[in-house]
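Enquirer: Okay, here's what each chain looks like letter by letter:
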Amino acid sequence: MQNNPQPNERKKLIEVKHLKQYFNAGRRNEVKAIDDISFDIYEGETFGLVGESGSGKSTTGRSIIRLYNPTSGEIKFNGTDISKIKHKDMLQFRREMQMIFQDPYASLNPRMKVKDIIAEGLDIHHLVKTDEERDARVNELLDLVGLSHDHATRYPHEFSGGQRQRIGIARALAVEPRFIIADEPISALDVSIQAQVVNLLRDIQKEQNLTYLFIAHDLSMVKYISDRIAVMHNGRLMELSTANEVYNHPLHPYTKSLLSAVPLPDPFYERNRHRKNYDNSIENDGQIRSLQEIVPGHFVLATEEEVAGYQAAAEEYNLGD
Amino acid sequence: MEKILEVNDLQIDFDTFAGSVKAIRNVNFHLNKGETLAIVGESGSGKSVTVRSIMGLLANNAKVASGSIDFKGRDILKLSNREIEKIRGNDISMIFQDPMTSLDPTMPIGKQVAEPLLIHGNVSKKKAMARAEEVLELVGITNAKNRMKDYPHQFSGGQRQRIVIAIAIVNYPEILIADEPTTALDVTIQAQIIDLMKELQNKIETSIIFITHDLGVVAGIADRVAVMYAGKIIEYGSVDEIFYNPQHPYTWGLLNSMPTLDTDSDRLYAIPGTPPNLLNPPRGDAFAPRNPYAMQIDYQAMPPFFKVSDTHYAATWLLHPDAPKTEPPVAIRKRQEEFRRLVAEGKITQPENDEGGVKDDAE
Numbered sequence: 001m002q003n004n005p006q007p008n009e010r011k012k013l014i015e016v017k018h019l020k021q022y023f024n025a026g027r028r029n030e031v032k033a034i035d036d037i038s039f040d041i042y043e044g045e046t047f048g049l050v051g052e053s054g055s056g057k058s059t060t061g062r063s064i065i066r067l068y069n070p071t072s073g074e075i076k077f078n079g080t081d082i083s084k085i086k087h088k089d090m091l092q093f094r095r096e097m098q099m100i101f102q103d104p105y106a107s108l109n110p111r112m113k114v115k116d117i118i119a120e121g122l123d124i125h126h127l128v129k130t131d132e133e134r135d136a137r138v139n140e141l142l143d144l145v146g147l148s149h150d151h152a153t154r155y156p157h158e159f160s161g162g163q164r165q166r167i168g169i170a171r172a173l174a175v176e177p178r179f180i181i182a183d184e185p186i187s188a189l190d191v192s193i194q195a196q197v198v199n200l201l202r203d204i205q206k207e208q209n210l211t212y213l214f215i216a217h218d219l220s221m222v223k224y225i226s227d228r229i230a231v232m233h234n235g236r237l238m239e240l241s242t243a244n245e246v247y248n249h250p251l252h253p254y255t256k257s258l259l260s261a262v263p264l265p266d267p268f269y270e271r272n273r274h275r276k277n278y279d280n281s282i283e284n285d286g287q288i289r290s291l292q293e294i295v296p297g298h299f300v301l302a303t304e305e306e307v308a309g310y311q312a313a314a315e316e317y318n319l320g321d
Numbered sequence: 001m002e003k004i005l006e007v008n009d010l011q012i013d014f015d016t017f018a019g020s021v022k023a024i025r026n027v028n029f030h031l032n033k034g035e036t037l038a039i040v041g042e043s044g045s046g047k048s049v050t051v052r053s054i055m056g057l058l059a060n061n062a063k064v065a066s067g068s069i070d071f072k073g074r075d076i077l078k079l080s081n082r083e084i085e086k087i088r089g090n091d092i093s094m095i096f097q098d099p100m101t102s103l104d105p106t107m108p109i110g111k112q113v114a115e116p117l118l119i120h121g122n123v124s125k126k127k128a129m130a131r132a133e134e135v136l137e138l139v140g141i142t143n144a145k146n147r148m149k150d151y152p153h154q155f156s157g158g159q160r161q162r163i164v165i166a167i168a169i170v171n172y173p174e175i176l177i178a179d180e181p182t183t184a185l186d187v188t189i190q191a192q193i194i195d196l197m198k199e200l201q202n203k204i205e206t207s208i209i210f211i212t213h214d215l216g217v218v219a220g221i222a223d224r225v226a227v228m229y230a231g232k233i234i235e236y237g238s239v240d241e242i243f244y245n246p247q248h249p250y251t252w253g254l255l256n257s258m259p260t261l262d263t264d265s266d267r268l269y270a271i272p273g274t275p276p277n278l279l280n281p282p283r284g285d286a287f288a289p290r291n292p293y294a295m296q297i298d299y300q301a302m303p304p305f306f307k308v309s310d311t312h313y314a315a316t317w318l319l320h321p322d323a324p325k326t327e328p329p330v331a332i333r334k335r336q337e338e339f340r341r342l343v344a345e346g347k348i349t350q351p352e353n354d355e356g357g358v359k360d361d362a363e
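These protein sequence lines are chains E and U, in that order. Mind the numbering: the first sequence is residues 1 to 321 in the UniProt record's numbering, read in order. Mind the numbering: the second sequence is residues 1 to 363 in the UniProt record's numbering, read in order.
Keep in mind the hints are simulated off the structure, nothing from the lab. Please read all numbers here as calculations on a predicted model, not as lab measurements. Beta carbons: idealized from backbone N, C-alpha and C, even for Gly. It is possible that part of the hints are untrue.
[As the list claims (entries may be wrong)] Pairwise CB distance ranges, derived in the manner of DEER restraints: (1) M1/U / S290/E: 54 to 64 angstroms; (2) Q208/E / R340/U: 53 to 63 angstroms; (3) K198/U / F93/E: 46 to 56 angstroms; (4) T183/U / E74/E: 33 to 43 angstroms; (5) S187/E / P105/U: 21 to 31 angstroms; (6) K149/U / K113/E: 51 to 61 angstroms; (7) A312/E / T311/U: 42 to 52 angstroms; (8) K84/E / Q154/U: 34 to 44 angstroms; (9) G273/U / K113/E: 19 to 29 angstroms; (10) Q154/U / S187/E: 42 to 52 angstroms; (11) R273/E / G273/U: 29 to 39 angstroms; (12) K32/E / K111/U: 34 to 44 angstroms.
[To be verified] Heads up, simulated SDA-like pairs for lysine to any residue below, C-alpha to C-alpha not over 25 angstroms straight-line: (13) K347/U / H274/E; (14) K113/E / E74/E; (15) K256/E / A184/U.
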């Protein structure tokens, strides 16, 4: 967004460099889930990662939180390479980075009370000393996510999807993380509840200066919540820029095609919509492509030769405005 | 327009350990021939239960307390199982939400598509298979001839949903019910499936009931829209009327809570609270506790349908002649301005609009 300082003046919290994540590497059924991607996430921003299923967006999130060991490449959190974190420092790392999951029904233990779910992190990290302190902290977190104190002694099945997602958020926040990976946190929720959860995530971010990686396929919601957006396809980043740039001035044909498929609650627009088809073959012509900066802050996967063409296209947008 | 299906005063209760859940509370609607009717609402609003009752697929603990569903001069609710089986998958068929679970993983897809033909039509197996191949081709399975013997796991999610659609249309049903057919799919695949359904509708002249909670999808596919909340339809009208001239505060809330690509404000509008428990449905307007526009009467009496135009009705006391004038939220006012502009420019034809008043046959 315009008022933010220039990206290069800000602190990089996450640095992903030439990350590759192959499954069944070297075997016949090798899957290149992530195929050489690089990006940075700045402190305090929301970085949106969009793509279709199978594009590798969830794998990226899971690699960053070190659920996988990368095939090659490097992920830095706050300046340290996460694959080099020693076992004894792992606990601290896990405290600073938390995750909110997609399915609010599967991600809460049905046999634990809400207060124990939320306080599990507090116990593991020894953040509270007495039971009173523990209860007080749980109540504080319940307030923060908009649940009431008497919810603490109930079980997950007594809650609706939106409320469960709030419990998941409270659990993630309990250990005072700096960075939260939200993997499709609202896709399982109803429209009216989605807005509640998105507003909550925004409020908490402002209050606690959190950094988010927001993974989703709902493009309009991602545009709304993110400062910058990366578009992922077949394990590669196709385009990366500010949310407004990606939406208003998309350059890569894949991004254009993805945007043209987003349904909008506007019948007149829908009747006159022209869907753009994406032709996969332009990726597979054997040429080597990497993310190239077309205009400041706007990157597109391209060969050296293609840059000029994209620059001309970006120029045209500016003339149009 | 010819009505092909008419649901009258439908009321369905579910027996549970906690008591009787009033899932559907006096629902009335009809489906015109050749149109697409979208039923919108959040989970638990009763949209799936409504269409399952049309298919005779209600759960064992469901009880139809009152009402009728008229199809071709017969009341579906009064038919025996055997009679319903003749209609289901033949005259009326259904596409389910999850393409991963609605296909049989152990049966080749050609056989699955041919199955409704073999059950309902008196055709030979050979003819049925030929027809299955034709329909698979029609829904866009490339090289269908060579893929008839493939199993579901050999197809992607979008292709599987196409196969599910092929099964549903193989008998050229008069009514096609689609229960969240694109929710599990990516936007690009979703757009393809919606285009496919529109195209098929033109080709085989079927009427569609489309259930979804995604208003973007509704805007693209529907001719008419019914909005459900807490087991009742609270507003219905043409797609333009519902999106550009909504009247019920719940419809306002739904439209408002979706970010459009040019939403730039700091907060999204969120409907506060959660839907009511239908074990003990509220006496008045079920939406009242979440409604910033609620009046005293909303808590005391159920609002009847007020007429907005010949095709547009909304059940909210705000439309009562004695109700104080209210200003809808900014985004809704923008939509209404857009509506007037589009009407003025002749891009939308607006039906006769009279002053409003209570619809006689409602409630």
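Enquirer: All the hints need checking, so say for each whether the structure fits it.
Expert: Now the hints, each set against the structure:
1. M1/U / S290/E: 54 to 64 angstroms: holds (58 angstroms)
2. Q208/E / R340/U: 53 to 63 angstroms: For Q208/E and R340/U the Cβ distance comes to about 45 angstroms; the hint is violated.
3. K198/U / F93/E: 46 to 56 angstroms: With Cβ atoms ~51 angstroms apart, the hint holds.
4. T183/U / E74/E: 33 to 43 angstroms: Since T183/U and E74/E have Cβ atoms about 38 angstroms apart, the given range 33 to 43 angstroms holds.
5. S187/E / P105/U: 21 to 31 angstroms: holds (25 angstroms)
6. K149/U / K113/E: 51 to 61 angstroms: Since K149/U and K113/E have Cβ atoms about 52 angstroms apart, the given range 51 to 61 angstroms holds.
7. A312/E / T311/U: 42 to 52 angstroms: With a Cβ separation near 49 angstroms, A312/E and T311/U satisfy 42 to 52 angstroms, so the hint holds.
8. K84/E / Q154/U: 34 to 44 angstroms: At 42 angstroms between Cβs, range holds.
9. G273/U / K113/E: 19 to 29 angstroms: 24 angstroms Cβ-Cβ, so the 19 to 29 angstroms window holds.
10. Q154/U / S187/E: 42 to 52 angstroms: Once the Cβ atoms are compared, 26 angstroms apart, the range 42 to 52 angstroms for S187/E and Q154/U is violated.
11. R273/E / G273/U: 29 to 39 angstroms: holds (34 angstroms)
12. K32/E / K111/U: 34 to 44 angstroms: holds (35 angstroms)
13. K347/U / H274/E: holds (18 angstroms)
14. K113/E / E74/E: Between K113/E and E74/E the Cα gap is close to 39 angstroms, so the pair fails against 25 angstroms, i.e. violated.
15. K256/E / A184/U: The hint holds at about 22 angstroms.
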